[in-house]
Amino acid sequence: MADYVQMWKDLGMDLENHDLLCQVLPTAVGDVFLSQENRPKAMDFWDLVISEVHGIRPAELIEEQKKGRKVFGTFCVYVPDEVVIAANGIVTGLCGGSQFWVPDGEAVLPKSTCPLIKASVGARLGRTCPFFRIADMYVGETTCDGKKKAYEILGEDVPMYVMDVPQMKRPEDILKWKNEIAAFARRVEEFTGNEITPEKLNEAIQLVNAKRRALQRVYDARKSECLPISGRDALLMMQIAFFDDPARCAQMCNRLADELEDRIRDGVSVVPHGTKRILVTGTPLAVPNWKLHNIIETSGAAVVCEEMCTGTRYFENLVDETKTTLDEQFMALSERYMKTNCACFTPNTGRIDDILRMVKEYKVDGVIDCSLKFCCLYDTEKYSVSRALKEAGVPILSLETDYTDTDAEQLRTRIGAFVEMLDA
Amino acid sequence: MNNYQIGIDIGSTCAKAVVLSSDKKILQRVLLPTGWSSVDTAEKLKEALGPWLPEADTVATGYGRACVPYAGRSVTEITCHGRGAAYLFGGPELTVIDIGGQDTKIIRLEQGQVSDFLMNDKCSAGTGRFLEIMAGTLGLRLEELCELASTGGGTSISSMCTVFAESEVTSLIGRGEKRENIAYAVVDSIVTKVMSQASRLLQGAGRVCLTGGLCELSYLRQALKKKLGRDVLTSPDARYAGAIGAALLAGKGAA
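Those protein sequence lines, which keep their order, are chains H and L.
The opening residue of the first sequence carries number 1 in the working numbering; numbering runs sequentially from there.
The opening residue of the second sequence carries number 425 in the working numbering; numbering runs sequentially from there.
No wet-lab data here; the hints were simulated from the structure.
Among the clues, some could well be false.
What the hints assert, rightly or not - Computed spacing ranges between beta-carbons, pair by pair:
| hint | chain 1 | residue 1 | chain 2 | residue 2 | range |
| --- | --- | --- | --- | --- | --- |
| 1 | H | Lys41 | L | Glu517 | 47 to 53 Å |
| 2 | H | Val108 | L | Glu640 | 49 to 55 Å |
| 3 | H | Val108 | L | Gly598 | 36 to 42 Å |
| 4 | H | Ala392 | L | Pro516 | 21 to 27 Å |
| 5 | H | Lys390 | L | Arg654 | 28 to 34 Å |
Glycine is no exception: its CB is placed at the ideal position from the N, C-alpha and C atoms.
Whole structure, please, built from the sequences with the hints as guidance.
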């Protein structure tokens, strides 16, 4: 393992506390990932990245910053990476997925805030995440009340830009989001000192589309009856996609997809024939949150798709690549991003349509709808999701959890019983 | 296939075991307190099951299901309680309310198979533990608390949290409220909590039954009946429902 201590010191991190985090991660990676049998060889890339998750990519970002490039930290799949890339900026995800960061977040936020927000704020204020130290600007969005207020706190010691996401999807809302994207583009130009031209924006659109296609290819392989990759491995790939260079991400995902397609042709499956196939839907699973997938896949079932931000919401739908003026391109971006179905919109029947479609596409036996504690939006939407699935005759289990391990055994009982129900 | 089927249900408070004959008749029931070690409890059960064990297929369930090395496999308590209730009460559709030591399960059965279920979260409100703690505060045994409750009324506890509810009971005592009225409020609280948890599954057709350690408390069942507005069945074997279900599944091989 390379020595990143000096880099972390230069970033002003709390090394003592950060060491505690570094100590627990290898065990978790070993238990959740390396213990699996018959993994695709191409997972070696993600195994390496996760083993040095606070080293490899942060070091790259710092090198790019030395060349004058700016790093934008984001928290949501509605923030258009294309705009940042067109101005020669770099995007990195910032969402926190570990209980480790929660206490530092709770020092300033109400306890009844979702763990993702608490962990993100805690990672910043506790100075235990290099990505939060590196980012030159944070880009937030108004997808929930907890985040809106948390951004005010984060904005106190780092440049913060908040995009106003509409709450409905009427034509005027799509126009409004287009204008928000245009305003964001002006701010990015100002901050980077680089002009966004239609040519550059088109290149960026193509680059991000290529990444989406590559991620989709891996997911397409998961639709096969012969399941070539575990849900845990696919989730890890998804989580890292938020942090990686988009071109390399596409390259690595395509390399993985090549292997998965070979496996399907050769009949190589990671689970015995007849293993029940689970679609997981709900709130995002930010790295290193692997609890749910790990419990499902050690209870005799396999996760074949994630209808979540760390899943299909991130890559489904492409941006129209044929537009030639900024105005048209901003509209094309708005149209693509507004196709993403988040519970922050009302109504949000598109998400139910997505889930029902994915149940068919991924040959799903049962759906697990899991939301993070205190996420009022996804928690409330469970009612309509579960009703629609019951009407369609699809078994559904609704769960709520956080980042702690204290409910692991209770989750194991529920998930185990659900799998037994599917097997009966 | 062996001559006997054994089901072992190690719950948070009590461990139960049942031996079934090849024609699914109950030959033996064993009931022990779980104590502080599931491993020791499993050993004690092993002694009690000595005559049958060598010729039996065995399935373990409950919180301690992983601590039974001599069981062929383990199955979750939800599936087992469902199967056990179907064995005891039958019917094409059945809703099972199982109030256990530290969790409450509501299980929907269709044609004897689990079709849906709900479980309380980490909180102990609406479980046997809640009743035990309140009985302790009132200086009563569980049976005494329920008996007293049947003569009380007019008071309620608003806290769902066991800890807060306990301090509410303490302040009711301090205010000089009659013990039977407090006992009534305690039972009313648990029934209300279970009902609100169960409401989604209780809309289904078919009969309702009560299983788990608290099914022998007749006033609790009366209170549930009253709140539900429909009959609540039980049976002397209802606290063995999990073990019976496990024993039934022991005859089904690995499926």
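Which numbered hints are broken by the structure, listed smallest first? 5
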